[in-house]
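**Q** Going down the list, the protein sequences come from chains A and B.
First residue of the first sequence? That's 518 in my numbering, and the numbers climb one at a time after it.
First residue of the second sequence? That's 430 in my numbering, and the numbers climb one at a time after it.
Treat the hints with care, since some could be wrong.
Derived SDA-like pairs: lysine to any residue, alpha-carbon spacing no greater than 25 Å straight-line [what the hints assert, rightly or not]:
#  : chain 1 : residue 1 : chain 2 : residue 2
1  : B       : K438      : A       : N739
2  : B       : K511      : A       : N739
3  : B       : K503      : A       : N663
4  : A       : K523      : B       : L510
5  : B       : K555      : B       : E578
6  : B       : K574      : B       : G645
7  : B       : K503      : A       : R650
8  : A       : K740      : B       : Q676
9  : B       : K480      : A       : E592
10 : B       : K480      : A       : G706
The following residues of chain A were derived to be distant from chain B, with all beta-carbon distances above 12 Å [unchecked claim]:
#  : residue
11 : H666
12 : S758
13 : L762
Keep in mind that the hints were calculated from the coordinates and are not lab data.
C-beta: ideal position from N, C-alpha, C; glycine also.
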Amino acid sequence: MDTGIKMLGSSMQYLKQKLDTASNNVSNMDTPGYKKDTVIGRSFGTVLSDALESRITKGYNLGQFYNEPGVYVDEVYTDFLQGPVEQTEDPWDVAIHGDGFFTIDTDIGPLYKRSMSMRKDLAGFLVTDTGDRVVGENGHIFIGDNDFHIEENGTIRVGGQVVDRLNVVDFANREGMEKAQNGAFTGGGGMVQATGAVMQGFIESSNVELSEEMTNLIEISNKFTTNQKLIQMLDGINNISSNRLGKV
Amino acid sequence: MIQGFYTAKTALTFRQMGMDVISNNFANINTEGYKKDEAVFEDALYNLSQKQYPGGDRTYYTTGSGTFISSIGKDFSQGSLKETGGNLDLALNGPGFIGVKDDFDNLFYTRGGSFKFTPSDEEGFKNIINDQGYFLVDSNEEKIKVSAESNDISIETDGEVIFDMMEPVEEGEETRLLMVNFNNPAMLLDYGEGRFGRSDLSGAPYITERSSVLQGYKEMSNVDLAEEMTDLILHQRIFQLNSKIVQTADELESVSNNLRK
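Extracted from the complex, chain B is given alone in its bound form (with noise of 0.2 Å):
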């Protein structure tokens, strides 16, 4: 069977599936906190093959056997930072995620977003949960809680939580944002909504103090639609391309086929 036929329908599978990844970009331009997907298009296995010649020489070729796409990782590249002047916008300047919790106890990962209060299960206090009803935590993984009379808060670059009516605390002790990062955060499984989770191949959270957190602000989706649009043509000249080649493939097959009359 001829292997031209099926090298050109692994370019067809693959950059189908890579347009998907650049659909899903496009729909998500104006989601604040997305981050892009990125396919990684890499050349498939080689066949070696042997032929030998009259005299008894041989000679040893390969053949390649297509492309796939060896990952599609998310993009944690900085988005745009946008000015709302709301009191509980958190946004990231920099590389990492703060911590939020459902619940369950169920921690996860996010850029920022809406927070706001709602009252805590404990008498007088109150915690900030965000849009989707996650709460934020401190450094030790606690739900952050202040005092419920308290409307003044703010948040420090550093993550440091300070508000009105607080006791005061000794140094070292201040509640803190969890904010972490991960050795490979491409590899970060995405619940949506802007929510991440850690996975075998993202590697464990680790203390970092290389972002700011800023308070006031949103951050937009990273998706840059020049790029998309361009990536977005190319996929499909190149699905054109290997599909002639799928049909002269197929007319080789049919020649042959009928080389008989």
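For reference, chain A alone in the conformation it holds in the complex (with noise of 0.2 Å):
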């Protein structure tokens, strides 16, 4: 079998998973707290240096690495970079400056956001606006019937008095987040004290680059003509082979 066409192929469906990823970034790039993605692909010369590795030392046959070349994706890595930070003078928006997350209790268990535009429940606890309860360190967040004020370090006052604190929080193994809806994640491991500033009465805007995606999306357009040109001219050149070699 012609091993050239498949891995053309592998990498036109590695190109179709970088436009489906660039596709839900610019979908998002007015979401509050979303993070762009970024597709990682594993390359030819690595998957082929495994598989000569893997045949060496456990024996397998050439065959195998022959059969699966190309590119594959790799991972989709959310990037967590600051995004900006802006100003929407409504005292019900919250977000960080620096590291960290709010967390969240959801149907599914804890969640964490970067950014929240809050309401009140019928019960007079604080929710994100999808209903899910707020988390502070005395848990659920009661508010009633009274305007509230947020510091810095996430400490709610009511008229001057202590209510609780945000749970703010960070992981050291970031990878290990995995994105839920809503613009919150899962937790990673490592659980630790946030070091960002809580900040009343912003938002954080999506950290997606427009003109970072438009390139991508030209890029990713061209590479795929190029590949199935290619694909194209290796068929051409089986066709001479199967119906053209036996004829005078």
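Join these two chains into a complex; the hints should help.
**A** Right, here's the structure in full:
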């Protein structure tokens, strides 16, 4: 079989994943607290040497690596770079400048968020816009019919009186954090107290760089076409070998 | 199929919806007592994919599926107050609502408005109704009635109603406007004409004393022109960029379809 066509096919699949990820970034360029994703590829070279190595050390036959070359998605990397912090003057909006995540209590356990547009639920507790309760150091945070003020270290005051403190945490293993929906993340390993400053009346915009995404898009489109042309060329060569070699 | 195509489509759909919200705010910029709507955008579900490599190791990665509007709610921040001098123009300064009711005893909540006298069913009394014909009620949810001969009515900032030729009342029995608030006012039902009704999501009304009633004032809309304008431009740009992504995804599909000449 012709490995070249398979290789180019895997490259097209990889580019498709890049487009899917770029598309999600651009869709969420204005979603508060959204962090951009980047597709990291595993190159042909790596796959080749892996296979060679396993052939030597584990005694695999050569056929195995001939069948699986190409480029693959290694991981989708989430870039936790700080997004711009924008003033909304709405006391119910909070963001973090620096490292850290707010803790929220959801149906599937605790999740972590960078920026929240809060409101009150029917019982008078602070919730996110999707209705998940915000977690403080003493559990859920009761506000009732009061104005509140949040200090930089997360302390919540109602009329000068300390009510609770927002549970702002960070994770040593950020790579273990998976995206859940609604701009929230699952926890990674190694929870520590965060160093970032809590800012009331602000939201954090997404850290998507438009120019980066758009140039990516052009690149994806062009590489995809190149792959197609190469497949067509190889197909042409196959065509010659199968149909014209025997002719005089 | 290319997921990116549909991912970008979600942004087109929901940004369009966002633009509808903004244009409604624009249309009501001069509507007395109008409260602006706000759409909150969030990212949608993530799919977990798994890839197996030669040699046996696997990796997992997630692919997003776009964006959606998690809620469209009213922003009940204070609108600017305009002095009219009208004796029965009422406005609220601070959070909350005053109660009004229709002919069939259905209770609604409003931020104020222009009221006038109307003859009551009861001989010798008159009620107070607003422009749309809803009766002002007291804290017992009864229509407020004043003596038919009385012309001078004053409403204190705490909502107490005082009129001339009033019979003296004991302390604690004063006629007071029904002033309430909700735990989650953003989810009140909007009936138009500045009227709101409770919903399951807004919670039950509770009496509040945090706001003051201003007699002789009207509350203007809380729409901020500059804010809506920049929002509109942003929505337009996001719409444009995502339509580019749809185009690119379509190109890739077409390239794949033409693999075989």
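**Q** Hint by hint, say whether it matches the structure.
**A** These are the hints, each one checked on the structure:
Distance restraint check for B/K438 and A/N739: the Cα-Cα separation of roughly 22 Å lies within the 25 Å cut-off, and the hinted pair is therefore satisfied. Between B/K511 and A/N739 the CA atoms are separated by roughly 60 Å; this puts the pair beyond 25 Å, and the hint is violated. Taken as a hint, the B/K503 and A/N663 pair is honoured in the structure, with Cα atoms around 19 Å apart against an allowance of 25 Å. For the given pair, A/K523 sits about 70 Å from B/L510 by alpha-carbon distance, which is inconsistent with the 25 Å threshold.
As the CA atoms of B/K555 and B/E578 are separated by approximately 9 Å, the hinted pair is consistent with the 25 Å bound. Using a Cα cut-off of 25 Å, the hinted pair B/K574 and B/G645 holds, with the two alpha carbons roughly 20 Å apart. A threshold of 25 Å between alpha carbons decides the hint, and for B/K503 with A/R650 the separation of about 20 Å falls inside it, so the pair holds. The suggested pairing of A/K740 with B/Q676 holds, with an alpha-carbon distance near 16 Å, which does not exceed 25 Å.
The suggested pairing of B/K480 with A/E592 holds, with an alpha-carbon distance near 10 Å, which does not exceed 25 Å. A threshold of 25 Å between alpha carbons decides the hint, and for B/K480 with A/G706 the separation of about 23 Å falls inside it, so the pair holds. Distance check on A/H666: its Cβ is at least 16 Å (rounded) from any Cβ of chain B, clearing the 12 Å threshold; non-interface status holds. With a minimum CB-CB distance of about 17 Å to chain B, A/S758 clears the 12 Å threshold, and the non-interface call stands.
The beta carbon of A/L762 sits about 20 Å from the closest Cβ of chain B, which is more than 12 Å, so the claim that it is off the interface holds.
Of the numbered hints stated above, those contradicted by the structure are hints 2 and 4, listed in ascending order.
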